[in-house]
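S.K.: So you can see what is in the structure, the chains are spelled out below.
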Amino acid sequence: MKSMFKKALALVLAIAMLATFAACGGTTSYTANNTEFVIGVSGPLTGAAAVYGVAVKNSAQMAVDEINAAGGLNGVKFKLVATDDVHDPTKVAANYASMLEGGMQVSLGTVTTGPGLEYSKLSVEDNVFFLTPSASGDKIPEFDNGYQMCFADGNQGKVAADYVNGLGLKEIGVFYKSDDPYSDGIYKQFKEAINADIKITETVFTGEASDFSTQINTLKDCKFIFMPIYYQPASVFMNQAKDIIAKDAVYYGCDGFDGLAGQFDDFSVIPQEVSMLSHFDSNATEGAAADFIKKYTEKYDAETLNQFGASAYDCVYAIFNAMKAAIDAGTEIDVTISASDLCDILKGQFGGDFSYSGVTGTDIKWQANGYVAKGAIKYVLKTANEE
Amino acid sequence: MEFIETLLNGLSIGSTYAVIALGYTMVYGIAKMLNFAHGDVIMVGGYMIYLTMAGIGNPILGLAVAVLFCVVLGISIEKVAYKPLRGASPLAVLITAIGVSYLLQSTAQIIFGSAPKMVIVADLGNLTIGSLTVPYYMLITLGCSVVIMLTLSLFVKYTKTGRAMIAVSEDKGAAQLMGINVNAIITITFAIGSGLAAFAGFFMLMKSPSLSNTLGAMPGIKAFTAAVIGGIGSIPGAMVGGILMGIVEALSLTVPAIAPYTDAIEFLVLIVILLVRPSGILGKVRREKV
Amino acid sequence: MANKLTNIKWKHYVNYIAVAIVTVVFGALAFAGALPSSALYLLEKIAISIILAVSLSMVVGFLGELSLGHAGFMCVGAYLGGKASVILEPMLKGVPAGKEIALVISLIVGGVVAALFGIVIGLPALRLKGDYLAIVTLAFGEIVRSVFMNTSSESFGGALGLSTPRYNKSILFIIAFVLVLVCLAVTQNLIRSKHGRAITAIRDNEIAARATGINVTKYKLAVFTISSLFAGVAGVLYSYSNYNVQSSKFSYNYSIEILVMVVLGGMGSINGSIIAATLITYLDNTLQTVLTGDLAVLQDLLYALILIVIVIYNNAPALKNFRDRFNLQSVLKRKFDPNHQHDDEAKWDRVPTKIAMNEILSVDVQPQMSTLDPDKKEGV
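Protein chains in written order, with my numbering: chain A, 5 to 391; chain B, 181 to 470; chain C, 92 to 471.
Everything labelled a hint here was simulated from the structure, so no lab data went into it.
Hints are not guaranteed to be accurate.
Only pairs whose alpha carbons sit at most 25 Å apart, straight line, appear in this in silico PhoX-like list of lysine-lysine [as the list claims (entries may be wrong)]:
id	chain 1	residue 1	chain 2	residue 2
1	C	260	A	125
2	C	184	A	125
3	B	212	C	184
4	A	369	A	162
5	C	411	B	259
6	C	220	B	352
7	B	352	A	303
8	A	246	B	297
9	B	464	C	260
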């Protein structure tokens, strides 16, 4: 008898779902009722990587608010939809579809690389433009609808290796996260481009590890440690290593290092030199970066300030500027424009002469393959402490 | 020298696992349930230490506040989520435990935000003997753990409450008939387990200052593994299992070729040990009766 | 008598019919282009969840052993099946129906390899009891995940994951639901056969079962293997429904999510597993897509609260009377048939398990009163 009840329930459920599905299906023009331009982004708003997703969501929202306050695009405002993928690629399809069906016209892709691989292939099917602030995988802009605001991992690895080659070191240490596409991607290219006669002491960690005493012990005689990882584990490493690794050693990282100083009440507890190759320094005191930092910390929690956010802020403005440039050039962009039509317009812009100057660089251009072309700067986050 | 340092590191990781595993094992022994939320109590303890440190700046006081709060939290979780299910299927209790685990993690994110906190408990430096360098925190962790384990063993063996715990874990019904208040004993067990979790949180923050809402998840699972290796339900077993896990972890991390597989190796050790000794190293072999 | 027989038969087949109707209706809608992508993705996910829940329910609900490594077997299937499809698709490029052939072969490869893993793990692990088996299967799942995570980029993609071909989304969910039917057919035919009675006998009392000459090891291993096979099949479907297979998905958390479906559905109830899998997947998806932006942090909170409340409501011994009086079924019964008495026919899928010592979830509890009053039954 119970099973009959269950079947009845199953039937009711099926009908209910059918009704909801069929009701919203059928139209291909999801943007017909838009009254604002809708920008979508999928990122980890919860879970272990949440700090990156939250930074992107906040900063992009801030840019949207500013644009709207200044009158939008010819009077049409923008709206940001940020969905949560918990850094899980499986959740991307649902986010993407719900945003698209909710009227998304242009997007910031995903915040992280793993889900981004899924997103790039989904979005090319519908021809939806995305400019990702921080999904740095080499394959993210694989198709012509995808562009990056951050440096691709492979490029970062190569640039870092060139820098290290120029230092004339005999021996370096490496500390990376083998299960992270970002870290793994940079390090692979780094290893390929580094001079063969430099001896590398390699240490790794995986997952949410927060204790690196073993790795530190292995690296303790290294004078130069390359760490293509994010600032959070890096801060843990440095704090644990401060008395073990030589005081005159150098920690060298990529853009993931940004945000490091904010992890410490007093950065000088770390005696070693820390520097990074990046496009943004969240301790900047001048220029566009400083303005951004000021605005962000006034509005949001300073703990979530990092280069992900700066990059997302730039992404929104870059898309806005590109749309504006297209309109100025005589293209018509209506508020109900379909994602695909807008994508073609933006592809023309980003694939063409369009350039953008903002928080993470000036005169930023894009290569035909979607990679960003802008200057990477070596930031010295802190110099070695004087003895 | 390096080997000794690695070994000491393993001992200190292991003793942290052991302290967490004690909580698992005692709750399992007495309430016959896998308390999947135990790892997250560690995280809550961590946040309590963070709050106290931010307010007053005294780590010892932080530990005290954390222990107190976790004891209260443990008791309330037991009362609200587990007690209504006493007598129901253990699987149902397992599912609520998982629910509680999600609840604690997500509440922590709502309250404290998504950015991990740096909690530098105390800057203690290293002890150097010849070429041997040992951070003080390792010694403190080891020392505290040994004291905790000894106290707990003595408590269980020589106090009335402790013996009542053994009685309840042996046979709930018979214990009740002997006049033991089973509910009270279960509550005390949860209180002790959660208090120990706060200690574990303190040790973990001392070692590595990063605090996020997933702090306790993986250590919780590993400590559970340790408890099973040692023989779940057995207090000395939890210690043996924890130390073993810690040493395996430290050793495998030093070999670059196998370091990425460290988690896998720890779990492999578990499987191998259970195949040789199906109830863990110190677990009791129970005869099944029809 | 004849009436009764047809009645039983109908009950046995109704879940096939329900799934088939859902498939046909949604399939027709999809072909008419009336289903948006979000619905198609959701249907794929639901079908995968159902296969996972039904196959895990064999081990947990019918065999009575707790497994926390189901995602591990799925992971094996996803990677191996995904790899097979990556290799096969270019080979079968010119062949008519090449994609379909590749899909079938991948399903077989993924399923069979996962089943082999089931044997390899099951053979030693099934000697263990209860929670020890649970932790060993959990460990297995974590080992599998960690191994695939650290493979080279040429073999299984390592940290970046294995990029796999995605199948046409308006067809894949139909294939997935057909596989749900296959899974149901295998599971239910096994459970309803004499082997199935042997399996439930092992669950209810292993020593007694052994004493009556049941080959306990053989049956345990068989159930475990079939369950892993379908987990592997679900994994292959997963790889076909995503462009990318990343091992981080297959952590113990995912195994637990599947276990939640089985437990909420009611131990030893296949229909319960189907409904719970559908509802939980739907709930998950809805929370994820509705709670965007600043509200996203509420997802887990709501999910956890719903979980705790449902489990306590369904299981708390203190609420038993309340449940019996106010569950939807008895309310309906009282309304339409005031003289109704519960029947007490022995139900193979509704006996208490040894995991559930005292009573099982409410959906499966047999009201005791009818046995006291056998005469009434004839009148119903």
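S.K.: Run every hint past the structure and note whether it holds.
M.R.: Against the structure, the hints come out as follows:
1. C/260 to A/125: Measuring from Cα to Cα gives roughly 13 Å; hence the hint holds.
2. C/184 to A/125: holds, 20 Å
3. B/212 to C/184: violated, 57 Å
4. A/369 to A/162: holds, 20 Å
5. C/411 to B/259: holds, 19 Å
6. C/220 to B/352: holds, 21 Å
7. B/352 to A/303: violated, 57 Å
8. A/246 to B/297: holds, 19 Å
9. B/464 to C/260: Cα-Cα ~53 Å, so violated.
Hints 3, 7 and 9 from the list above are not met by this structure, while the remaining hints are.
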